[in-house]
Structure formats: C-alpha cells, structure tokens
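Asker: So the protein sequences, as listed, match chains A and B.
The letter at position 4 of the first sequence is residue 4 when you use UniProt numbering, and the numbering goes up by one with no holes.
The letter at position 35 of the second sequence is residue 35 when you use UniProt numbering, and the numbering goes up by one with no holes.
Treat the hints with caution; some may be incorrect.
A pair counts as met if it fits within one copy or between any two copies, since identical chains are not told apart.
Computed list of lysine-lysine pairs in DSS-like fashion (alpha-carbon distance at most 30 Å, straight line) [to be verified]:
1. Lys185 - Lys75
2. Lys31 - Lys214
3. Lys128 - Lys17
4. Lys31 - Lys143
5. Lys128 - Lys75
6. Lys185 - Lys16
7. Lys75 - Lys16
To be clear, the hints were calculated from the coordinates, so they are not data collected in a lab.
All of these numbers come straight from a predicted model, not from anything done at the bench.
Protein chains: 2
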Amino acid sequence: MISKNQLKLLRALGQKKQRKAHSLFLVQGEKNVLELFNSDLVVKNVFATADFLSENHASLIEFDCVEASLDDLTKASTLVSNNAAIAVVEIPTFELPEATGLMIALDGVSDPGNLGTIIRVADWYGIKHIVASSDCADPYNPKTISATMGSFGRVHVSQTDLPAYLEQANLPVYGAFLEGESVHKTEFTANGILLMGSESHGIREHAAKYVTDKITIPAFGGAESLNVAMATGIILDNMRRQHS
Amino acid sequence: MISKNQLKLLRALGQKKQRKAHSLFLVQGEKNVLELFNSDLVVKNVFATADFLSENHASLIEFDCVEASLDDLTKASTLVSNNAAIAVVEIPTFELPEATGLMIALDGVSDPGNLGTIIRVADWYGIKHIVASSDCADPYNPKTISATMGSFGRVHVSQTDLPAYLEQANLPVYGAFLEGESVHKTEFTANGILLMGSESHGIREHAAKYVTDKITIPAFGGAESLNVAMATGIILDNMRRQHS
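Here chain A stands alone, though its shape is the one from the complex (with noise of 0.2 Å):
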C-alpha cells in the first residue's frame, strides 16, 4: 500500500521545483519502469500492482517494491493511462557533454511531448546527446519521460546556456529554418550539431548566429510548418542515409 507520505512525494514530483529539490523523477507505466532494469538509473522505490511484481520478479529483485492496487496508482499518477507501475527515480548528474559525434541541440522547445519525442526518435538515430537550451521544456517532466517510451535510459539531456555551449563547440551547426539548403541536397558531415528551434519562435538570433549551414525540409503541399519533433527526425534520417 502507498503510504500517505509516499503519496505526498509522488504528487509533489509531478512539479519542477520539487523535483529538483528532491533530485527525484517519475517513471510511469510499464513499459517505461521496465527500461530502467537496462539503465544505470538508480532507482528509489517501484510502485507496482501485484501483478507487475510477480511478472517481473526476477528484475525487481534489487528494488524497493511496494504492492498498491490500480486504483491507488492512477490516483497518484499525474498521467491518465498506464499506471500499472510507477518508479522514482534519482536525476543522475553527468557532466555537459563535449561537442563530438553527431549531437542535437534545442532552442526554446518548451513542450514536454515534444522534447520526449525529439529524445525517441534521437534514440533510434543513436543520438546519445541532446544539449537543451534552459528554457526548454524539463527533461525529466513526467510527460517528456512518458513520451520518449523508454528511450529516456539512453539518451542525455543536458540543459545549459546554449550559445555558450554552441560558441565553444568545434563543430558545424546545421540550423533547420524555413529557409535554407533542401536536406536532399545537403552534403552532411558525419560529426555535427543539429540546432533545432520552437515551432513558434524558430531559432531565435542568440543561437542562429553560431550556424554554420542553414537546411530546411523541401515542402510538396500545403502545410506552412511541421511539428519541432516530426522534423527532427526526418533531418536525421537524412544525414544518417550519409553516414550510416
């Protein structure tokens, strides 16, 4: 049974401020709590129906397990479906990662689902880094880690001071704008920094200045945008078809 405390943290958790306080997130539904067994994610406790422990016995061994029914989840999830387990999580602490490989940086992505998103399909890229301007949406927001599906145990985010970070990085910046070279023509280099802005601002001055080459999706029809997320991963399919 969740106790009236542990009720209380997983609430408060739901907030940033208490999450950074308690240096504590939420991972919840199955699928996702059952990616932190292949993660170096230092679990806290798990909070699980009876039949989620017993399937998974064998993983959960090493944790904290404490037994509550579907009902009490969902009451003490802040999502509305999948809450057949819920996990808290320590927020790791790694350093800023160095400007190496291929890499993604965000500016101004403020929405959760967007940047869970962006970090699934950056996983299916192999992308290991995302280097997110500050008031991009909070990583470990319990609907970003419900939208990356599993793929947050794989990918690091890491919020900073972005032109900053762009300033010292030795590498090309491909900035994606409404205008600029077509993505099918773009010779990509295998290592660089792909800069993607917010659908409503685009990549404001202080981090466009540092773009080295300005790409853009070629459009066929109508629409006059695409979703920050959507057109994320097909730029990395793009310069991935080059550098596999």
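Given chain A, work out where chain B should sit, using these hints.
Answerer: Frame of chain A; chain B shown alone:
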C-alpha cells in the same frame, strides 16, 4: 453571446455519434478557423472573441458570426487552449478516391492526435488522399482537427473497408514493417500507396496480404519503434526525394 442551444450543440459535437447525427464538426483555435476561409468547407457558425471578429472582418463577412467572451468560448470548447474562435462546419461528402498518385492508407490508427499529425505531414508532402480503415480515429474528432494545424482543409480522409480498397487498387502498396527493405535503399515508384499500421498491432493480416513491398526505416540506436506519425513523415520524405 452563445445561446443555451448553441452551447448544447457545441458540447454535443465533441461526440462522434452526435457529429454523425448532425453531420457537423468543430474547428477550434485561431489558426484552424482561419484556414476555413481558404477551403471549400461549408461553415455554419463562427463563435469568436470581438478581437478575432474585428481582425478578420473581411474574411468573415459571409459567415454567421457570434461574438463571445474568451471565458465563454473556453467553457464551450472541448480543448484546453486556443479558444479565440470556434467554428461549426458541415462534414463534407466526397466519393472514395480512385487509387492514383501517391496516397496513404492507415490500418487501425486509433489515436486522433496521431491521425491529425499524419494529415499535417501528408499535406507537407503534397498528399491529397488518406484512406483509413473503419476502426481508425475519426477524422472529425476535435483532437484530430486540432493536430492538423489547418491541413484538414487540404487533405481528404475517407474511412472505408480498407482490405477491399487495397484489393482493387492497381498500385504498388508499400507496407511499413519493423523488418523490410531499408527505405534508404528502396526504389519507390512515382505512384503508390504507403500503408501504415498502428503502434500496438502493426499492419494486420487482412491488409498485410495486399502489400507488394515491405519497407522499414533503418534504426541506428536503442529505440524499439517510432511513433506512427513520425514514421509516416520519414517514409514520405524518402518517397518524395526520388519523385519530386
């Protein structure tokens, strides 16, 4: 002011059964409502703030407009944000399209947000027709319309008996599977049907048997799958780069 009867209708149109009974659907949010002015859709009413009505006076002249406060519009809306305008629109009737050109077919894609995002990316790549199995999400669900970001006016979605449609279609059917030929290596024909299944069930056997070419998006990292809308966008980009 929105009358009680109007409010009742707006509320009712959140439900599929009621949309069918009235043959009406909702278009919500400034961007989506503005798109109506450039479409062939028949608009019954526009409920909007005084600001919206005065800013778009010229475009709105032929419509039956009702001024309402943002508060009242928010109460009437089925969405949480973007409520400066809500339009009640007739569900268009059109023939099931002939299988020609480049098309998308969807098997069991039941999430309205995914369907809306697919409509948006289809529009980006100039696709005019989507043929969807009867158990796909309703193309007139408010969440679908919202996710299209205005592309609902340019892309027709027909719900039909998908296997029967594929059987009579005289075009190559490219089916997206987790195992198939890499889309980076596939030689696509200029005309064809891209068939996508749901994230949970993939393409079901009743539709899979009409697939002429199994294709896949090559993976480079740890993610097990991509969101169906994301996968659709990436494959369309690969098709269009060969036949632009």
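Asker: Hint by hint, note whether the structure agrees.
Answerer: Comparing the hints with the structure gives:
1. Lys185 - Lys75: Result: close neither inside a copy nor across copies, 51 Å intra and 48 Å inter.
2. Lys31 - Lys214: The answer is between: 27 Å across copies meets 30 Å, while 37 Å in one copy does not.
3. Lys128 - Lys17: within (26 Å within a copy, 46 Å between copies)
4. Lys31 - Lys143: Answer is both: 14 Å inside a copy and 25 Å across each meet the 30 Å cutoff.
5. Lys128 - Lys75: Neither. Shortest intra-copy (34 Å) and inter-copy (43 Å) distances fail the 30 Å Cα cut-off.
6. Lys185 - Lys16: neither (42 Å within a copy, 44 Å between copies)
7. Lys75 - Lys16: both (19 Å within a copy, 28 Å between copies)
Taken one by one, the earlier hints fail for this structure at numbers 1, 5 and 6, listed in ascending order.
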